[in-house]
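S.K.: The lines below spell out each chain.
Protein chains: 6
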Amino acid sequence: MTQVKEFKEYRLRMNKKILDGDNKVIKRIFSADTMAYDKGALSCKTKELLGLVSSLVLRCDDCVKYHLEKCLDLNTTTEEIHEVFSIAMLVGGTIVIPHTRRAVEFWDELSNQNDR
Amino acid sequence: MTQVKEFKEYRLRMNKKILDGDNKVIKRIFSADTMAYDKGALSCKTKELLGLVSSLVLRCDDCVKYHLEKCLDLNTTTEEIHEVFSIAMLVGGTIVIPHTRRAVEFWDELSNQNDR
Amino acid sequence: MTQVKEFKEYRLRMNKKILDGDNKVIKRIFSADTMAYDKGALSCKTKELLGLVSSLVLRCDDCVKYHLEKCLDLNTTTEEIHEVFSIAMLVGGTIVIPHTRRAVEFWDELSNQNDR
Amino acid sequence: MTQVKEFKEYRLRMNKKILDGDNKVIKRIFSADTMAYDKGALSCKTKELLGLVSSLVLRCDDCVKYHLEKCLDLNTTTEEIHEVFSIAMLVGGTIVIPHTRRAVEFWDELSNQNDR
Amino acid sequence: MTQVKEFKEYRLRMNKKILDGDNKVIKRIFSADTMAYDKGALSCKTKELLGLVSSLVLRCDDCVKYHLEKCLDLNTTTEEIHEVFSIAMLVGGTIVIPHTRRAVEFWDELSNQNDR
Amino acid sequence: MTQVKEFKEYRLRMNKKILDGDNKVIKRIFSADTMAYDKGALSCKTKELLGLVSSLVLRCDDCVKYHLEKCLDLNTTTEEIHEVFSIAMLVGGTIVIPHTRRAVEFWDELSNQNDR
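Protein chains in written order, with our numbering: chain A, 14 to 129; chain B, 14 to 129; chain C, 14 to 129; chain D, 14 to 129; chain E, 14 to 129; chain F, 14 to 129.
No lab work stands behind these hints: they were computed from the structure. Don't take every hint at face value.
Copies of the same chain are indistinguishable here, so a pair counts whether it falls within one copy or spans any two.
[As the list claims (entries may be wrong)] As a list, the in silico EDC-like pairs of lysine to aspartate or glutamate whose alpha-carbon atoms are at most 16 Å apart:
{"no.": "1", "residue 1": "Lys58", "residue 2": "Glu19"}
{"no.": "2", "residue 1": "Lys58", "residue 2": "Glu118"}
{"no.": "3", "residue 1": "Lys40", "residue 2": "Asp121"}
{"no.": "4", "residue 1": "Lys83", "residue 2": "Glu93"}
{"no.": "5", "residue 1": "Lys30", "residue 2": "Glu92"}
{"no.": "6", "residue 1": "Lys58", "residue 2": "Glu82"}
{"no.": "7", "residue 1": "Lys58", "residue 2": "Glu93"}
{"no.": "8", "residue 1": "Lys21", "residue 2": "Glu82"}
{"no.": "9", "residue 1": "Lys37", "residue 2": "Glu93"}
{"no.": "10", "residue 1": "Lys52", "residue 2": "Glu122"}
{"no.": "11", "residue 1": "Lys37", "residue 2": "Glu122"}
{"no.": "12", "residue 1": "Lys37", "residue 2": "Glu92"}
{"no.": "13", "residue 1": "Lys21", "residue 2": "Asp74"}
{"no.": "14", "residue 1": "Lys58", "residue 2": "Asp86"}
{"no.": "15", "residue 1": "Lys30", "residue 2": "Glu118"}
{"no.": "16", "residue 1": "Lys37", "residue 2": "Asp51"}
{"no.": "17", "residue 1": "Lys29", "residue 2": "Glu118"}
{"no.": "18", "residue 1": "Lys21", "residue 2": "Glu122"}
{"no.": "19", "residue 1": "Lys29", "residue 2": "Asp121"}
{"no.": "20", "residue 1": "Lys58", "residue 2": "Glu122"}
{"no.": "21", "residue 1": "Lys58", "residue 2": "Asp33"}
{"no.": "22", "residue 1": "Lys52", "residue 2": "Glu93"}
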């Protein structure tokens, strides 16, 4: 479970440090980020899948991890996750593969953690 | 209706020219591209939304137009499309805005065409 | 003067259409965008130069045009603009050159407009 | 032949305007750009193919056009060009397809011009 | 030799996990990836150099490592590799330098391994 | 102080290895890189801020670290750095946040080192 836990702790600690800078624009972006994934015309789950595929094609490992966590919380299945991976890999090319390797590893850790 | 029609014709004509090159790898990518958006664990509509948001954050106007067409065919509402735009703009930044301007314009043309 | 004027009109018309979608996240991003270039610890001019160089390395022609307009309003000289171009071309590579060609053309139109 | 000719004239005119800015860094990048494609351990043709594939995956239409011109001058065949396209599309994803459409169109114009 | 070995083992293990997901699109992309670097109109070596330069400008360290391995197997010289680096750095900008640092380190390990 | 020191040593060692390759184009890019941040029409500090924001939106952690070092040497305040972060995050999107987390951590180490 180490990778998942370390990731969460580092993210929280550093997000706090960023927000402590008290920059108005940054705070507005963070609040928009929370708002964007709220239920609207689209369901929370669809929105998290959109966040996941965007993070994959833009090749942001930490963003991928964050959305994988949320996807698991919303009962996304492994098969659904692989369909997101397939679209990301097709649209974004084989350079997405190394990020998919890390995503698969993280998803595994997350899923096993949840089994408990 | 000119923009929609011109876009479709150019895409078809040039895709044909690409495939006439008879390159095995390119043909395989084109066939995977068709397959990726078929119904699977995720619905066709969800997959098209994933294709749309990926195209927006990667800032590919022609890909955006293609997925907007498909989204309309699958009865996606304007409100849903705007939620996809909002996630793209948040994740991909304000550089996505000029592409959103062109997307909004194309969506309008498409929707009006459909009204008829 | 056509290019400058057309660009402004299209941007305004389409931004309106985007905001008419009444999406909360998009509206928040637009308001953060206005706020970000206000005077703060850094001057307005420095901030516009930051916006310009970011737009160049991310290769967003419309964003470049927008920031060039603002830079001219803030009395940035052609020599300063070329130093921004040089850093963009160095950091972002020769793929920035075609965008610099269009930037130079737009800057010329803007400057001549101002002479009047 | 219009597209090829227009592209060349615009590029020359605007490159001149950029260099007239007399910025030392920009001039050094332009001279490095000339030097990079000279024969070395790798042949000129291999280097132009490297320039072409880089331009395609970075999705720079004008850079693609430039390298296609050079490739034709060095007797690259259409089959070789399609193999470069296939690697670009695989590594860079389907977002490279719209750029390949424009590349195929330009290559056709170039080749027909040469037949004369 | 640790870095080279670790990289290979992780890649194999995770590629297996990805393919175990049994997604048709992903499997097709993997098979196209193998096919793309087969001898065709262009030699295997030229194709690997194309894969290498694409990976560098797209800044994918793991893809760079993979192609460096293949390049060494095909008797590419260090001087040739540096010419690929130079084109990548020129086209992709100085942001390619940190990836070149890691590439140079990996190439060294690979080459020394081969001396034995 | 470990992170700062390790980063500097690795960068120096590997830059040396790159330059030992004795490639003319690479050497010219490195010399242009030094020249670009010299005082000109814009101050050294403004130029370093331009380098910093470009590195952030292009998401190059090592480039960010390098420019943070230079910014500190030129007496940039934490508030100014946060304004650069805010523009990078707005223009480049939330995918810049993970890089900002690492930048904030590095800036902290750098600043504390300087207190001594």
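S.K.: What label fits Lys29 with Asp121 when the C-alpha limit is 16 Å: within, between, both, or neither?
M.R.: between (28 Å within a copy, 13 Å between copies)
S.K.: At most 16 Å between C-alpha atoms: does Lys37 with Asp51 qualify within a copy, between copies, both, or neither?
M.R.: between (22 Å within a copy, 11 Å between copies)
S.K.: Treating 16 Å as the Cα threshold, decide for Lys37 and Glu93: within, between, both or neither.
M.R.: between (37 Å within a copy, 13 Å between copies)
S.K.: Tell me, please, which holds for Lys37 and Glu122 at an alpha-carbon limit of 16 Å: within, between, both or neither?
M.R.: neither (36 Å within a copy, 24 Å between copies)
S.K.: First find the shortest C-alpha distance between Lys58 and Glu93 inside one copy, then the shortest across copies, and answer within, between, both or neither for a cut-off of 16 Å.
M.R.: both (11 Å within a copy, 14 Å between copies)
S.K.: With identical chains, the pair Lys21 and Glu122 could be close in the same copy or across copies; at 16 Å between alpha carbons, which is it: within, between, both, or neither?
M.R.: Classified as within; 13 Å inside a copy, 21 Å across copies.
S.K.: I want to check one pair: Lys30 and Glu92. Are their C-alpha atoms no more than 16 Å apart within a copy, between two copies, both, or neither?
M.R.: Classified as between; 13 Å across copies, 37 Å inside a copy.
S.K.: For the identical chains here, do Lys58 and Asp86 meet the 16 Å Cα criterion within one copy, between copies, both, or neither?
M.R.: within (9 Å within a copy, 22 Å between copies)
S.K.: Checking Lys37 and Glu92: alpha-carbon separation at most 16 Å within a copy, between copies, both or neither?
M.R.: between (40 Å within a copy, 11 Å between copies)
S.K.: Could you figure out if Lys40 and Asp121 sit no more than 16 Å apart (CA to CA) within one copy, between two copies, both or neither?
M.R.: Neither: 33 Å inside a chain and 20 Å across chains, both beyond 16 Å.
S.K.: Please work out whether the CA atoms of Lys58 and Asp33 approach to 16 Å or closer within one copy, between two copies, in both situations, or in neither?
M.R.: Cα proximity of Lys58 and Asp33: none, with 31 Å in one copy and 24 Å across.
S.K.: Check Lys58 against Glu82 for me: Cα-Cα at most 16 Å, and say if that holds within a copy, between copies, both or neither.
M.R.: Within one copy only: 12 Å inside a chain, 23 Å across chains, cut-off 16 Å.
When held up to the earlier numbered hints, the structure conflicts with 1, 2, 3, 10, 11, 20, 21 and fits the remainder.
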